[in-house]
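Build out the structure end to end from the sequences listed, making use of the hints.
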Amino acid sequence: MKPRDLADLAVRNLREAILRNSLTTLGVAVGVASLVAMLSLGVGLQALASQRLAKSGLFDAVFVTSRRDFRGPGDGPPRKNPAPHGNPKPLDEDARQQFAKLPNVVDVYPQIRFFTDIRYNGNSYSTNVLGVPESRTASAFEGLTGKYFSSPTADEAILQTEFAKELSPQTASLIGQELVLRYAQRRTASPDEISKEQDIDKQLDEMMSGGISIVSREKKLRIAGIVDSDPSAGIGGFGGGRVFLPLRIAEQLHAAQPNDVQDFVRGGGSGKPTYAALTVRVKSPKEVTQVEDAIKSQGFSTFSLLDASKSLRLIFTVFDLFLGLFGSLALTVASLGIINTLVMAILERRREIGVLKALGATDGDVRSLFFAEAGAMGFVGGILGVTLGWLIGQALTWGTTIYLRRQDLPGVKISYVPWWLALSAIAFAVAVSLIAGLYPAGRAAKLNPVEALRYE
Amino acid sequence: MVTTPAMPPTSTLIQVDHVSRDYRLGDTLIRAVNDLSLQVAAGEFLALLGSSGSGKSTLLNLLAGLDRPSSGAIHVRGQNLAALDSPGLARYRRETVGMVFQSFNLLPRMTLEENVELPLRLAEVDRPERSRRVAQALDRVRLSPRAKHRPSELSGGEQQRGALARALVNQPSILFADEPTGNLDSATGEQILLLLREIQDTLGMTMVMVTHERPLAERFANRIAMLSDGRLIDQIALPAGARA
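Residue numbers (the numbering used here), protein chains in the order written: chain A, 1 to 456; chain B, 1 to 244.
If you're looking for bench data, these hints aren't it; they were derived computationally from the structure.
Only part of the chain A face toward chain B is listed, based on derived beta-carbon distances under 7 Å:
(1) Lys2
(2) Glu16
(3) Glu352
(4) Val355
(5) Ala358
(6) Gly360
(7) Pro449
Just so you know, even glycine gets a beta-carbon here, dropped at the ideal spot from N, CA and C.
If you want it as structure tokens, here you go:
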């Protein structure tokens, strides 16, 4: 029989017992839906995590620190590659230039975070400031109201929502307003400069400090926007910033950094500014290892999150596997429904099978007809199931978003049905249905035409 | 009416040699057809006559390729049906044989023309040719106006004529009819047999009909083969004048 005729007959047969076949198809649909919903949850959560991590810029970045064994309290295990003896290389402007020249490096920038006092509307607020490098775009910030920095050198600030609420409960009204940043500026004082100073008290102070001075400064900034969260919060161990400035502006401020004192103690105040840490942004995560090795060979300590990303992918693969297994369970039950329906159909259509055989249908024709019916139920069930699974996913996302919004958190898309999942689910449903149809189709094909015709 | 011993016809189309068909019912072996030999000539109208359980329907099923003999051989145009594999037998049923049943066996969810079209679908005949042949077959049994009706909307006689159109649509060389009038009143049954003979005369087909109604067999057949307990007990050749 030609495929078109086969399909035509199969559809006719399916339409004949419409209620039973619809229920069986619905069974397949529910099975596929559970599979799709489970996997879409796995894919969605993975996408969400990857997206967050990609936005954080952690996986295409190498964090460089000077090779000094400076460790805080609670040391932890001994380092695998302890600092070599002798003077470590300083992480200064020269080193920054060198890193920038390495192949596949997009940007090299320091982490500029400092403590500050914000003056707004006559009140004073203490907080942390973070410099945002040029290579980070607005997309790295989630839930940005207002605007991103108009230029890398604009005297503008973006506030974190929670901090903005401290300034004014109507956060939107802050946009375009001016605030004053009070900070401690580090000045490197040369001996000549010190001797030129007239104020003896000041001279004494600075002599006692041994060569660096810290002076209080102010900077006026316009509030450009307000953002929900800092995507790189917690990285580098300094805690998230609550006020963001363009990095160039932050650098120009020469704000005193936590490592200044350390530099001073170590180097006896060489006068050259050094960085606590530099972030080297690489073209893609693939190049991280190569760049990391190159920087290490120059005598610096490096750290990247590539290994963490690999473990994360492994965890999600196992997670998906489990979700898939649970989802498949429902489809297995549905396949039993297909077997049941088709076996029932053989009993009911015994005489018809006999007639078909008497008219010259081969065993293969009869087998194909039952296969086509099983496949059609699988196909329609698959399409319905994908739609249903997508709807379940949407409902889960919707429910989660409502819950998160109630907790004053931004909504997230936890379920995602990529095209490959939709197509695979339909193909899987057809395959499972065909396997379920194997036994009934074989049984129908083997039916003896004489006995089948005698059947009432 | 003249009773004659079994005579080989001039041009043998079907040759049955020592055919037996056994069925097992629990521990009992039932021999439905018992060492039966028979020839059917091309263009002949043979009636298989016998009481219930005589083995006439079993023999018809064997001749139509719906069943295989337990022993013996059935040659149709020199081809031994007993030696054919399953697809070979299906091809024989599709290309050589047309079959009419007592209970019509039209598929209830198809219209009459779709039922008639079914053998052409199985034979993978192209659609335009299918339409032409279906129209021709329905016209031959005078059912063209009822083409779009479902079997449930047709009378018993119309259903059997529809079944006849379905049996003829593939232009078979042999038509097997298993009690074609069994479910019909006598007048309608007679109409069906008249139609069968008209078709035989027009198309020159070979016909083998199972019946237990001797008068009908005597009126329409060329020859009667009488069966009892699976054996051929007598053959009666009917003179041309006996056919009404």
